[in-house]
Amino acid sequence: MLALDIQNLNKKYPNFQLKDVSFQLEKGYIMGFIGANGAGKTTTIKSILKMIHIDSGEVRILGKNAAEHEIELKQDIGCAFGGIDFYTRSKIRTLTDVIKKFYKNWDDETYYNYLKRFKLDENKKIAELSTGMKVKYNLALALSHGAKLLILDEPTSGLDPVARDDLLDIFQELVVDGEISILFSTHITSDLEKCADFITYIENGQIIASSEKFEFMESYRLLSGNENQLNLVKEQLISYKINSFGFTGLIHSQDFDSSIDIKAITPSLEEIMIYFAKKEDMYV
Amino acid sequence: MYNLVLKDLKLGVNPMFFVLPLIMGALMLVPGWLYFLVPLYFCWITIPNMFGQYRAQNDLLFTSMMPVTKKDMVKARLSVIVILEILHLVIAMIYGLITIRLYPHLTYYFFAPHMGFWGLCFVMLGIFNLFFIPMYYKTAYKFGGAATASITAAMLFGGVAQWIGIQSSFVSNIFNGTGAHNTALQISILTAGMVIFVAFTMISYRLAVKRFLKVEIL
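One line per chain: the protein sequences are A and B, in this order. Its first residue numbered 1, the first sequence is counted upward by one per residue in the UniProt record's numbering. Its first residue numbered 1, the second sequence is counted upward by one per residue in the UniProt record's numbering.
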């Protein structure tokens, strides 16, 4: 079953637009949603949550149309927005007491287990929590109301490497049973290399690719060679950088003729992102 | 809806604003004062502070993540405002009763705190709601313009009503003169005021929902 099915999402702003955004997340998997700052990640997530009005397209969550079953589905969704604080001067206990009343599947036992596990003190104020703790608190809330789909907007940005790694381990544990699916946006690509099963890459409001992680990385080749070799492949490259040794450039695997003697390696997610961003710049 | 009201009462509204009616209501004890000013303290102090707080705490995004409809969000917020308004008026009325007994032989230049006057206060707050709620829900976070316009409208109503009350002997007679002791007349003015309050508040709710549905939560 698909946890999330997005079809042809369109949304036009005066100087930015989401264009035909489509991707699917299979139940029980983690999907990393990557893209540069301003590529449309948050806009897409807010469209999924119906916080902004889409011009056209359809969002289905857990098999149901999100527009028609909004309230019902929100019971099954847990979301967290990195870097946004709510009622920071209130204690965790106060905030939870208010929030839990909204969810019919709220389970106090689960909640206290997660608090213990995440080492969260109920009597602390939100403002006293570190960034990592805030994300964990949000997760605890989401999991205690039995969320089946976690939509997390940049949950790992602002976290130190240890906290990030810890959080990624938690994500992986959560999906083990196959009940919970996670969509999380980030621009920290190393996070995804560690834990994502699928990658959806958005650039300038358009989905460049959405596929299994290794398949995604394998579909590109990072070439490096001297300037003479550059001329052979220049036309096919997505973009390239010139340096004192020659060039490095990104190419679609299918465009690359492996009989040419150019050093080719599988790029990292970060390299894919950088070269795509460079392509945008070249057209400006 | 009920949970949303509870959320506002527990998180959004500072407890001070529930004590404020008791303190501001005590101004009713000033003999012969311009009593229209007493409920206006709600508009001057509580409203800007409350809505500033909502904005500072990112309440809009917080609430949008809960499984609630936008309609209920407006309904709950409006209910909280109405609860506070009624609290202000009822407590002021009680102080008013004390005032009337405390100074029985006072000559009132402005409206005396009889029931009819409270009817006018209800209309004043109704006008406030009618302007404030729909204007606020254009964005659901900017309250400055809405507060200025609605407070001005409410004060204009109060000012004009009071001016007529002083200038026209007929009106003055109804509210301060012999009419003040005509219980049936006073009750009917109060009831009419309440009806207008309810009607204006309902209209404001409908307009606000219509506008809020178009708001994009950023």
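FYI, nobody ran anything at the bench for these hints, they're computed from the structure. Each hint should be verified, as a subset may be incorrect.
Pairs of lysine-lysine residues, derived as DSSO-like cross-links and limited to a Cα-Cα distance of at most 27 Å, are as follows [unchecked claim]:
no.	chain 1	residue 1	chain 2	residue 2
1	A	K12	B	K138
2	B	K214	A	K119
3	B	K75	A	K101
4	B	K210	A	K12
5	A	K12	B	K75
6	A	K100	A	K119
7	A	K148	B	K142
8	B	K210	A	K64
9	A	K12	B	K142
10	A	K64	B	K71
11	B	K71	A	K12
12	A	K104	B	K142
13	B	K75	B	K142
14	B	K70	A	K104
15	B	K138	A	K279
16	A	K241	B	K142
17	A	K125	A	K101
18	A	K50	B	K214
19	B	K10	A	K119
20	A	K148	A	K119
21	A	K116	B	K210
22	B	K70	A	K101
23	B	K75	A	K100
24	A	K19	A	K64
25	A	K116	B	K75
26	A	K100	B	K10
27	B	K214	A	K91
28	B	K70	B	K210
29	A	K64	A	K91
30	B	K10	A	K101
31	B	K70	A	K50
32	B	K142	B	K210
33	B	K71	A	K104
34	B	K70	A	K64
35	A	K50	B	K210
36	A	K125	B	K71
Stretch by stretch, here's where chain A covers chain B in the computed footprint (C-beta under 8 Å, at least three residues) [what the hints assert, rightly or not]:
no.	region
37	121-132
38	176-184
From the three backbone atoms N, C-alpha and C, an ideal C-beta is built for every residue, glycine too.
*Please flag the earlier hints that this structure goes against, numbers listed from lowest up.*
2, 5, 7, 12, 15, 16, 21, 25, 27, 29, 36, 37, 38
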